[in-house]
Amino acid sequence: MEISVTVNGVSHTSDVEPRTLLVHYVREDLGLTGTNIGCDTSSCGACSLHIDGEAVKSCTVLAVQADGHDITTIEGMAAADGTLHPMQQAFMENHGLQCGYCTPGMVMAATSLLKENPHPTEHDVRIGLEGNLCRCTGYHNIVLSVLAAAGK
Amino acid sequence: MTVVEEAGTQERPGVIGQRLLRREDPALLTGEAKFTNDIQVTGALHLAVLRSPYAHARITSIDVSGALGVPGVRAAYSGADLADEWGAPMPCAWPVTDDMKNPAHYPLAKTQACYAGDGVACVLADSATAARDALEAINVQYEPLEAVIDLEDALSDRVVIHDDLGTNTSYTWNLLVEDHEGAVDEAFAAAAHSVSERYIQQRLIPMAMETRAVLAMPQPFGGEMTLYSATQIPHILKVMVALTLGIPEHQMRVIAPSVGGAFGSKLNVYAEELLCVALARKHGVPVRWSEDRSENSMATIHGRGQVQKIELAADADGKLTAIRVRLLADMGAYLQLVTPGIPLLGAFLYAGVYDLPKAYDFSCTSVFTTMTPTDAYRGAGRPEATYAIERAMDTLAAKMGVDPLELRRRNFIATEKYPYEAYSGLVYDSGNHDGAATKAAEMLGYDELRARQATQNVEGSTKRLGVGVTSYFEMCGLAPSRVLASLNYSAGGWEAATVRVLPTSKVQVVTGSAPHGQGHETAWSMIAAEKLGISPDDIDVLHSDTAIAPLGLDSYGSRSLAVGGVAIAMACDKVIDKAKQIAAHQLEASADDLDYAGGEFSVRGSPDKTMPLAAIAFEAFTAHNLPDGLEPNLEAQVTYDPPNFSWPFGTHMCAVEVDTETGHVEVLKYVAVDDCGVQVNPLIVEGQVHGGVIQGLAQALFEEAAFDADGNPQSS
Chain V
28 MEISVTVNGV SHTSDVEPRT LLVHYVREDL GLTGTNIGCD TSSCGACSLH IDGEAVKSCT
88 VLAVQADGHD ITTIEGMAAA DGTLHPMQQA FMENHGLQCG YCTPGMVMAA TSLLKENPHP
148 TEHDVRIGLE GNLCRCTGYH NIVLSVLAAA GK
Chain B
16 MTVVEEAGTQ ERPGVIGQRL LRREDPALLT GEAKFTNDIQ VTGALHLAVL RSPYAHARIT
76 SIDVSGALGV PGVRAAYSGA DLADEWGAPM PCAWPVTDDM KNPAHYPLAK TQACYAGDGV
136 ACVLADSATA ARDALEAINV QYEPLEAVID LEDALSDRVV IHDDLGTNTS YTWNLLVEDH
196 EGAVDEAFAA AAHSVSERYI QQRLIPMAME TRAVLAMPQP FGGEMTLYSA TQIPHILKVM
256 VALTLGIPEH QMRVIAPSVG GAFGSKLNVY AEELLCVALA RKHGVPVRWS EDRSENSMAT
316 IHGRGQVQKI ELAADADGKL TAIRVRLLAD MGAYLQLVTP GIPLLGAFLY AGVYDLPKAY
376 DFSCTSVFTT MTPTDAYRGA GRPEATYAIE RAMDTLAAKM GVDPLELRRR NFIATEKYPY
436 EAYSGLVYDS GNHDGAATKA AEMLGYDELR ARQATQNVEG STKRLGVGVT SYFEMCGLAP
496 SRVLASLNYS AGGWEAATVR VLPTSKVQVV TGSAPHGQGH ETAWSMIAAE KLGISPDDID
556 VLHSDTAIAP LGLDSYGSRS LAVGGVAIAM ACDKVIDKAK QIAAHQLEAS ADDLDYAGGE
616 FSVRGSPDKT MPLAAIAFEA FTAHNLPDGL EPNLEAQVTY DPPNFSWPFG THMCAVEVDT
676 ETGHVEVLKY VAVDDCGVQV NPLIVEGQVH GGVIQGLAQA LFEEAAFDAD GNPQSS
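The listed protein sequences derive, respectively, from chains V and B. Take the first sequence: its letter number 54 is residue 81 in the working numbering, and every next letter is one higher. Take the second sequence: its letter number 425 is residue 440 in the working numbering, and every next letter is one higher.
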């Protein structure tokens with residue numbers, strides 16, 4: 028099936044198998060491998076990206092469902108000159124990542140969270156990110172990172 | 016839950032001790048970092064593995080021909096089809112006893128599946144989806160056999176899993192240390208107080224966020240093979256793949272790209288790594304494999320899995336006089352790389368931080384079960400020991416009617432006794448257990464909480480307050496090679512480093528450590544920056560590619576800083592020594608009169624006579640004017656074999672509220688007091704503590720790799 032999507036500001040028209048998941052489309056067809064796959068079951072959130080500005084788990088969406096939509100992946104977050112997005116900067120400054128595998132999904136979910144709730148409490152952040160799993164950090168610094176980004 | 020943090024008390028000039036932000040982060044935060052699955056290769060075939068749905072079954076027939084009819088499929092193999100590919104069975108590098116039983120274990124089972132997830136056949140196809148689809152077209156006939164999931168049942172040999180071994184017992188390993196023969200029995204006979212406890216260390220699934228992934232790239236005409244793998248042991252893997260597949264080691268290269276966590280689970284040589292290399296060799300094209308999460312729960316090693324029996328003998332004051340430990344350890348279906356040694360790492364820690372006389376009787380019997388093989392997982396044998404002794408101390412305290420912290424204080428090894436030779440013969444370098452406990456008690460509000468318990472935990476109360484105390488030693492910095500020899504481990508415990516000052520004075524640090532999330536690039540650059548007196552920004556850290564960093568023993572067992580970091584510091588010293596000879600020559604001064612600070616040499620007494628490292632590096636490169644006989648270039652290599660383990664210690668305390676009607680546990684407060692020695696980068700240290708604490712809480716409250724009676728995994 029043919030789909031047309033805008034990914035990180037670039038238009039793509041592609042022929043995809045109906046069963047292709049969005050995460051496989053962005054990783055394999057578009058070569059945007061920053062979106063990581065952590066599970067098969069929409070449990071971990073590592074593959075989170077934005078569709079029309081809202082975070083979704085891209086392993087839960089078929090590529091054909093993204094037809095006509097605007098997608099942002101982790102590669103589209105930093106400015107063109109390499110300046111990190113404030114959320115990326117906050118994760119760096121607060122040591123909100125260790126192995127970094129969950130990190131792109133965390134950043135995408137966290138930016139979406141702040142869009143909905145620009146001034147979250149610690150509890151709001153923990154609830155808002157409960158669909159994103161991390162095995163390294165114990166979440167403490169991830170929560171600090173998001174609160175720091177919200178304060179900026 | 017409240018996390019209490021206090022800044023480190025160390026005050027040092029220079030780079031070490033600064034909270035430098037991690038240089039690894041920008042690539043990881045922007046998606047630029049490449050994990051194994053992110054490496055794009057044209058023409059690669061995709062491997063998929065068919066796994067036994069039975070925990071224990073005889074394979075009566077396998078017909079792979081159906082898979083060959085699936086579009087995109089290039090080949091399909093049973094275990095028997097690939098039997099000629101293996102020069103040796105899959106490796107176990109730790110034969111802990113001379114008579115240890117180790118069933119032959121091949122990447123694909125041939126006649127019998129021994130756990131749910133055991134590979135029995137595989138497919139190569141043009142795409143991962145085609146390979147997966149084709150698995151369904153393979154016809155395997157199984158004759159189900161009884162599962163063995165209980166360790167005591169396994170020990171009984173009611174069902175023997177590996178017929179050729181004749182028993183499920185792999186080995187029994189003893190450590191009996193007595194001042195005189197019979198000392199342990201005498202101590203128990205004379206004990207004023209004693210406890211006898213039985214604990215279950217449940218199996219856990221390590222569950223790194225990145226599952227395993229493999230890419231084998233052959234050069235058919237050069238005979239070389241490059242293996243990319245999500246591994247924490249590229250160096251060991253290189254040797255083991257070469258040995259197992261009969262590939263000349265010098266033609267084998269292993270690269271661990273960005274690795275998304277491991278916690279011990281990627282300290283292994285896995286079937287899929289061997290399959291990808293063997294099939295890439297056989298087909299002359301790249302072969303790749305990516306584990307899905309359900310596979311990861313079954314086919315990547317599990318951790319823990321022990322029945323612990325611990326007995327303490329104590330005098331009237333509660334001073335420990337003897338400890339007896341009987342472990343029953345779950346090896347799982349086969350022995351993986353270091354499976355048998357894991358429970359034995361605890362053998363040296365069952366006395367915790369306590370001053371135990373030479374009256375220690377440890378024995379571990381390890382058995383096969385029809386479950387996923389176990390191996391190293393976060394702490395690997397040592398947290399299990401700490402759990403047992405600390406919980407037994409609580410029981411002893413309760414029995415004596417003494418406060419648990421007070422009982423510990425009576426038994427702590429006194430600070431003035433350090434360095435302290437333990438019952439085991441190992442020497443602990445330092446400790447201040449009373450200090451750590453006092454600090455933790457202050458931070459937690461221990462006395463107030465105990466007082467609150469008296470009023471809150473009364474008849475009829477359904478919200479009970481609990482206070483947990485644990486003091487620990489961790490045996491880190493694996494390991495002195497001679498100690499490993501005494502434990503029958505098949506390799507050494509050294510680590511290698513090269514420090515290379517390039518002609519333009521930029522520095523390369525080459526390490527044999529293999530980071531997978533810990534921030535080694537940042538921390539190692541700080542060590543070299545401190546030593547060389549230059550900016551960390553002028554230092555690059557190279558690792559995890561056996562062609563770039565050929566010498567190394569990788570990252571596990573809390574060894575990377577304590578062994579690998581020291582090697583880097585020593586290599587820097589060696590570089591400075593060589594640079595000094597060049598500086599002395601060029602400044603026409605005696606090397607003894609030269610001081611090195613801030614990245615330059617100066618002549619004592621002649622402050623205007625200086626030579627920066629940058630100038631020396633260029634002189635070393637041109638070699639136009641070097642001292643007679645001095646080799647050009649400025650680099651040094653060190654292989655450091657540590658004389659001892661390092662022994663960080665500390666006290667953790669936790670306050671919880673338990674709902675006695677629902678069992679719900681709320682963690683009210685957790686405090687950690689840890690002495691890990693000099694903190695190279697406190698930001699990173701704290702991050703490691705956070706992650707460790709949460710994984711510990713997770714084992715205590717949430718996690719278990721559960722199996723049903725038929726051996727079906729229930730936790731995937």
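Each hint should be verified, as a subset may be incorrect.
[Claimed, not checked] Under 7 Å between C-beta atoms, here's a sample of chain B residues computed to sit facing chain V:
id: 1; residue: Met-224
id: 2; residue: Glu-225
id: 3; residue: Gly-702
id: 4; residue: Ala-713
id: 5; residue: Leu-716
For the record, the hints were derived by calculation from the structure and aren't laboratory data. No residue lacks a Cβ here, since even glycine has one placed at the ideal position from N, Cα and C.
Self-check item: Interface hint compliance - Gly-702 (chain B) to chain V, C-beta minimum distance less than 7 Å
Solution: Check passed: Cβ of Gly-702 (chain B) comes within 5 Å of chain V, closer than 7 Å.
Self-check item: Satisfaction of the Glu-225 (chain B) interface hint, Cβ to chain V closer than 7 Å
Solution: 4 Å, holds
Quiz item: Is the interface hint for Met-224 (chain B) satisfied, with its Cβ closer than 7 Å to some Cβ of chain V?
Solution: The hint holds - Met-224 (chain B) has a Cβ within 7 Å of chain V, the shortest such distance being about 4 Å.
Exercise. Have a go at the Leu-716 (chain B) hint: is there a Cβ in chain V nearer than 7 Å to its own Cβ?
Key: 13 Å, violated
Quiz item: Do the numbers back the hint for Ala-713 (chain B), that is, is its least Cβ distance to chain V under 7 Å?
Solution: Violated: closest Cβ of chain V sits about 9 Å from Ala-713 (chain B), beyond 7 Å.
Hint check: violations occur at hints 4 and 5; the rest are consistent with the structure.
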